[in-house]
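Chemist: This is what each chain is made of:
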Amino acid sequence: MKTIQASLLLIVFLLSAASCSGKKKLWIYTSIYKEVIETMREPLQKAMPADVEVVWFQSGSENIASKLNAELAAGATRADLVLTSDPFWYYELKQEGKLLPYKSPAAKDIPDIYVDPDGAFAGVRLPVMVIGYNSRYFANESELPKNWKDLADPRFKRLISMPNPLESGSSFTAIALLQKKYGWDFFEKLRSNDIIAAGGNSSVITRIETRERPLGIVLLENVLKAWDKDSPVRPLYPADGTIPVLSPIAILRDSRNPDLAKIAYDWFFTPEAQNAIVLGSMYSLVETAPSPGRAKPYAELKASMMPWSAEILAQMYAERASIKSKFSDTVLR
Amino acid sequence: MFADGITNAAVVEALVRSLSLSLAVALISGAAGCLVAWLVTRSDIGGGGALSGLFSMPYAIPAYLLGMAWIVLGNPAVGAIKEIFPQSGVYGFHGMVLVESTVAFAFPYLELKAGFERMDPSLEEAARMSGARPWRVFRDVSFPLLWPPMVNGMCLSFLYTLSSFGVPAMLGMPVRQFVLTTLIYSQFKLGGMSGIASGLRLSLVLLVLAMLVLALSNWLVNLQRRRGGAIMGSRVSRPGLVRLGGGRVPVTATVWIVFAAAVVLPWCALAFSALAPVAGNYSPSAWTFRNLEYVVNLPEFSEALVNSLALSISVATFVVAAGFFLAFAAVRRGSRAARWIIEAMGVPFSTPGTVIAILLIFISTWVALAMGRFGLSFDSPLVWMGLAYALKYCAVGARMLAAAYRQVHPSLEESAVVSGATTFILLRTIWLPLLSRTVLAAWFLTALPMFTELTMSVLLTGPGGATMGTVLFQLQEYADQPSAAALAWILLSAALLGAFFMRGRKAEEILEAK
Chain A
1 MKTIQASLLL IVFLLSAASC SGKKKLWIYT SIYKEVIETM REPLQKAMPA
51 DVEVVWFQSG SENIASKLNA ELAAGATRAD LVLTSDPFWY YELKQEGKLL
101 PYKSPAAKDI PDIYVDPDGA FAGVRLPVMV IGYNSRYFAN ESELPKNWKD
151 LADPRFKRLI SMPNPLESGS SFTAIALLQK KYGWDFFEKL RSNDIIAAGG
201 NSSVITRIET RERPLGIVLL ENVLKAWDKD SPVRPLYPAD GTIPVLSPIA
251 ILRDSRNPDL AKIAYDWFFT PEAQNAIVLG SMYSLVETAP SPGRAKPYAE
301 LKASMMPWSA EILAQMYAER ASIKSKFSDT VLR
Chain B
1 MFADGITNAA VVEALVRSLS LSLAVALISG AAGCLVAWLV TRSDIGGGGA
51 LSGLFSMPYA IPAYLLGMAW IVLGNPAVGA IKEIFPQSGV YGFHGMVLVE
101 STVAFAFPYL ELKAGFERMD PSLEEAARMS GARPWRVFRD VSFPLLWPPM
151 VNGMCLSFLY TLSSFGVPAM LGMPVRQFVL TTLIYSQFKL GGMSGIASGL
201 RLSLVLLVLA MLVLALSNWL VNLQRRRGGA IMGSRVSRPG LVRLGGGRVP
251 VTATVWIVFA AAVVLPWCAL AFSALAPVAG NYSPSAWTFR NLEYVVNLPE
301 FSEALVNSLA LSISVATFVV AAGFFLAFAA VRRGSRAARW IIEAMGVPFS
351 TPGTVIAILL IFISTWVALA MGRFGLSFDS PLVWMGLAYA LKYCAVGARM
401 LAAAYRQVHP SLEESAVVSG ATTFILLRTI WLPLLSRTVL AAWFLTALPM
451 FTELTMSVLL TGPGGATMGT VLFQLQEYAD QPSAAALAWI LLSAALLGAF
501 FMRGRKAEEI LEAK
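Residue numbers (the working numbering), protein chains in the order written: chain A, 1 to 333; chain B, 1 to 514.
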């Protein structure tokens, strides 16, 4: 028994030793889909010098934030680059001086509203929050809400769910912009409609599919992915504004290889990388890039997008704690 | 106010809900565990041999997947048995009690089953032959002898429920019923230093509660020891089974129905979800193997299988072996240090996994920084994950074994010592065979949750560190519910098959074959 134990421990250590190769490593922490990473892996590796190994760490946005925050608090992180979808976290990292400013020439086509004025981060893709609905439940389209405001209507009582904004950055962006536009009164009405605000975007899709809650505030990419699998979930672009969830890329100030990180940073704005992002059902911020299949074309969507800017981001960030606790009091309890 | 942004009343409410939930789960699982353990070891219940293994199966399903299965079953729109649930479906206190009890049941059940099997049945037979009825035999003979494992099993269920997060988050939060762990979580997530501080204050409450429960269970165990010793035999004659007589058929039927409701029903729900092309479309005409194929063909599936097997087997073996020696030192040699270590192990067991993982990220960063100074690098998520698993679950083995040592009268050991046996020989020839069932049960109870561990794994993982837990998280967050259900269904079916092939094999044989 002892020998089995010893040999298993040995295997564990060998596995760990095997992962220490001699190459320079560039660590990317990201929340983008594994499939998207797989299409990016080789081209990015080719774009880098030969003695560099790109290492991807993929998890949910919030897990990455927890992990990286803990690593930074302990003194250092391995991450050179981060690509997740919570703009407020980037703003916080910037305020704390953890990001390396870099005004990349490659990002010059990205609209100014999605770029940090000091160059600490720039939007590399644009997920949007829409209303998802079950097309089998709502056979008659006239029964559907037309905009966010309609969700407060009592006829949608017990029909709506959304991701928990305390857990998901995209959901927080949504409530921050919605309370700015409609005030907390709107959320009080959602509360009396018995909205479920729990889990992440995927659990909203499941609730829509199983008709437990056939309407949901959810990321468009999740809806499109489900649609591709013949799910009855369809997107509805609210007339009062689709919600943009700025998803930036940034270089960590402590990066051991800032020059390599810059090469990779630039690469993410190339058509190759942007096409991979579009294949992952997200909008590209480069105007020439196509829109994801089955999605409303970006040019059309742009006109009805809720306002966003560096100032709005700063303001929402300042109010972040109070928005979260107000939401918590109004909806979660 | 004790916590930021929430009233004291809300904190008290969560505290009361945590306590009543844990207490309900401990009592239900304790009573059910005791009853089923007695039925499968001491009565002529139909299919007892098969049931004995099958009843430990719910533990093989990660609690959050069991929760998912029940959500499917109780779904107000398409659920198969929505009628038996109130309007809120399976959400709410009743749902949490149901799911947590199903899983936590394994702690008292396996401890008590091992206890019954270790107990010399001639004691009970003597009582029976003197004319005592089964209940009297149980109350006056079996029960006092099984007191330490009983208390400890219930204590483990209680602490397990108290520190659990997945089920309350899944079944409580949507209907706004908070327990301490979910309240701590939302405090942490409120952001800002004040949120973290009040989250930590609440974690301290949780810790104090856990310590109180541990102290209470020690007091309860000692309470009984004062009343008298416990004489145990090993590999004694086959117990004469109690005849249930006219009650045999109804009792057998009831137990099988309970098993069906607790395991087969969720298993079917998972199977339907796994076969459904899309969540919510469960009609047999639409069934597809697409999700199962997708999961098995995932590039990280085989990596995760190897990693999870290697981690759970090696770490569980290490932890249970350490517990075997520690508990020996604590109970048989009266070592104060060993006793304190075992008590201290209760702390990580009742600490939410996220907190442990964040602490380990801190430590691993310091280690990496320190090694970096010497030009070394050490990028191994598996080592840190192994450490996290060991910390979180070391209490299970050590506490179960301590309770088992306590259950046995020292006469056997004393005679061995008199005959000149060294400690090693003592452990090898007396204690290991005597406690083999508990050792195996402890190993099972430690290895299984490690195999599917999710909370800590997703934070500690890295390249090359995929495990079953991280794959499940991946499927849940990035794919869809049917794929997650497919993986869950594969895991559960594998566990059921394992139980089927192990049925009737004696713990001694398994350990000695090694």
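A couple of the hints might just be wrong.
[Said to hold, decoys possible] Derived coverage of chain B by chain A (criterion: at least 3 residues anywhere in the stretch with Cβ under 8 Å from a Cβ of chain A; other residues may be distant):
{"#": "1", "segment": "8 to 18"}
{"#": "2", "segment": "68 to 77"}
{"#": "3", "segment": "275 to 284"}
{"#": "4", "segment": "365 to 374"}
[Stated by the list, open to error] Okay, derived cross-link-like pairs now, BS3-like style, lysine-lysine, Cα gap no bigger than 27 Å in a straight line:
{"#": "5", "chain 1": "A", "residue 1": "K146", "chain 2": "A", "residue 2": "K302"}
{"#": "6", "chain 1": "A", "residue 1": "K25", "chain 2": "A", "residue 2": "K46"}
{"#": "7", "chain 1": "B", "residue 1": "K82", "chain 2": "A", "residue 2": "K180"}
{"#": "8", "chain 1": "A", "residue 1": "K157", "chain 2": "A", "residue 2": "K146"}
{"#": "9", "chain 1": "A", "residue 1": "K94", "chain 2": "A", "residue 2": "K296"}
{"#": "10", "chain 1": "A", "residue 1": "K46", "chain 2": "A", "residue 2": "K180"}
{"#": "11", "chain 1": "A", "residue 1": "K149", "chain 2": "A", "residue 2": "K189"}
{"#": "12", "chain 1": "B", "residue 1": "K82", "chain 2": "A", "residue 2": "K157"}
{"#": "13", "chain 1": "A", "residue 1": "K98", "chain 2": "A", "residue 2": "K23"}
{"#": "14", "chain 1": "A", "residue 1": "K46", "chain 2": "A", "residue 2": "K34"}
{"#": "15", "chain 1": "A", "residue 1": "K25", "chain 2": "A", "residue 2": "K262"}
{"#": "16", "chain 1": "A", "residue 1": "K34", "chain 2": "A", "residue 2": "K24"}
{"#": "17", "chain 1": "A", "residue 1": "K229", "chain 2": "A", "residue 2": "K326"}
{"#": "18", "chain 1": "A", "residue 1": "K98", "chain 2": "A", "residue 2": "K146"}
{"#": "19", "chain 1": "A", "residue 1": "K146", "chain 2": "A", "residue 2": "K24"}
{"#": "20", "chain 1": "B", "residue 1": "K82", "chain 2": "A", "residue 2": "K94"}
{"#": "21", "chain 1": "A", "residue 1": "K98", "chain 2": "B", "residue 2": "K82"}
{"#": "22", "chain 1": "B", "residue 1": "K82", "chain 2": "A", "residue 2": "K181"}
{"#": "23", "chain 1": "B", "residue 1": "K189", "chain 2": "A", "residue 2": "K326"}
{"#": "24", "chain 1": "B", "residue 1": "K82", "chain 2": "A", "residue 2": "K24"}
{"#": "25", "chain 1": "A", "residue 1": "K181", "chain 2": "A", "residue 2": "K296"}
{"#": "26", "chain 1": "A", "residue 1": "K149", "chain 2": "A", "residue 2": "K180"}
{"#": "27", "chain 1": "A", "residue 1": "K146", "chain 2": "A", "residue 2": "K108"}
{"#": "28", "chain 1": "A", "residue 1": "K34", "chain 2": "B", "residue 2": "K82"}
[To be verified] Anything over 12 Å on all C-beta distances counts as not near chain B; from chain A, calculated:
{"#": "29", "residue": "V55"}
{"#": "30", "residue": "K94"}
{"#": "31", "residue": "A106"}
{"#": "32", "residue": "I110"}
{"#": "33", "residue": "R155"}
{"#": "34", "residue": "L166"}
{"#": "35", "residue": "S255"}
{"#": "36", "residue": "W267"}
{"#": "37", "residue": "S328"}
Rather than coming from a laboratory, the hints here were simulated on the basis of the structure. Just so it is clear, CB atoms sit at the ideal spot from N, CA and C, and this is done for glycine as well.
Chemist: Given the hinted pair K189 (chain B) and K326 (chain A), is their alpha-carbon gap at most 27 Å?
Modeler: holds (13 Å)
Chemist: Is the straight-line distance between the alpha-carbon of K229 (chain A) and that of K326 (chain A) 27 Å or less?
Modeler: violated (37 Å)
Chemist: Quick one, are K46 (chain A) and K180 (chain A) close enough, alpha carbons at most 27 Å?
Modeler: Measuring from Cα to Cα gives roughly 45 Å; hence the hint is violated.
Chemist: CA of K157 (chain A) to CA of K146 (chain A), is that 27 Å or under?
Modeler: Distance ~16 Å between K157 (chain A) and K146 (chain A) Cα, so the pair holds.
Chemist: Hinted pair, alpha-carbon criterion (27 Å max): K82 (chain B), K180 (chain A). Please report holds or violated.
Modeler: This hinted pair is violated, its Cα atoms lying about 39 Å apart.
Chemist: Are the Cα atoms of K146 (chain A) and K24 (chain A) separated by 27 Å or less?
Modeler: violated (52 Å)
Chemist: Are the Cα atoms of K94 (chain A) and K296 (chain A) separated by 27 Å or less?
Modeler: This hinted pair is violated, its Cα atoms lying about 33 Å apart.
Chemist: Closer than 8 Å Cβ to Cβ for three or more residues is the test here. Does the segment 365 to 374 of chain B pass it with chain A?
Modeler: holds (count 4)
Chemist: Taking 27 Å as the top limit, are the C-alpha atoms of K146 (chain A) and K108 (chain A) close enough?
Modeler: Violated. K146 (chain A) to K108 (chain A) sits at ~35 Å, over the 27 Å cutoff.
Chemist: Is it correct that the beta-carbon of K94 (chain A) has no partner in chain B closer than or equal to 12 Å?
Modeler: holds (15 Å)
Chemist: Would you say I110 (chain A) is clear of chain B, with no C-beta pair closer than or equal to 12 Å?
Modeler: Its Cβ never comes within 12 Å of chain B, the nearest being 25 Å, so this holds.
Chemist: Hey, K82 (chain B) versus K24 (chain A), does the alpha-carbon distance stay inside 27 Å?
Modeler: violated (57 Å)
Hints 1, 7, 9, 10, 17, 18, 19, 20, 21, 22, 24, 27, 28, 29, 34 and 37 from the earlier list are contradicted by this structure; the remaining hints agree with it.
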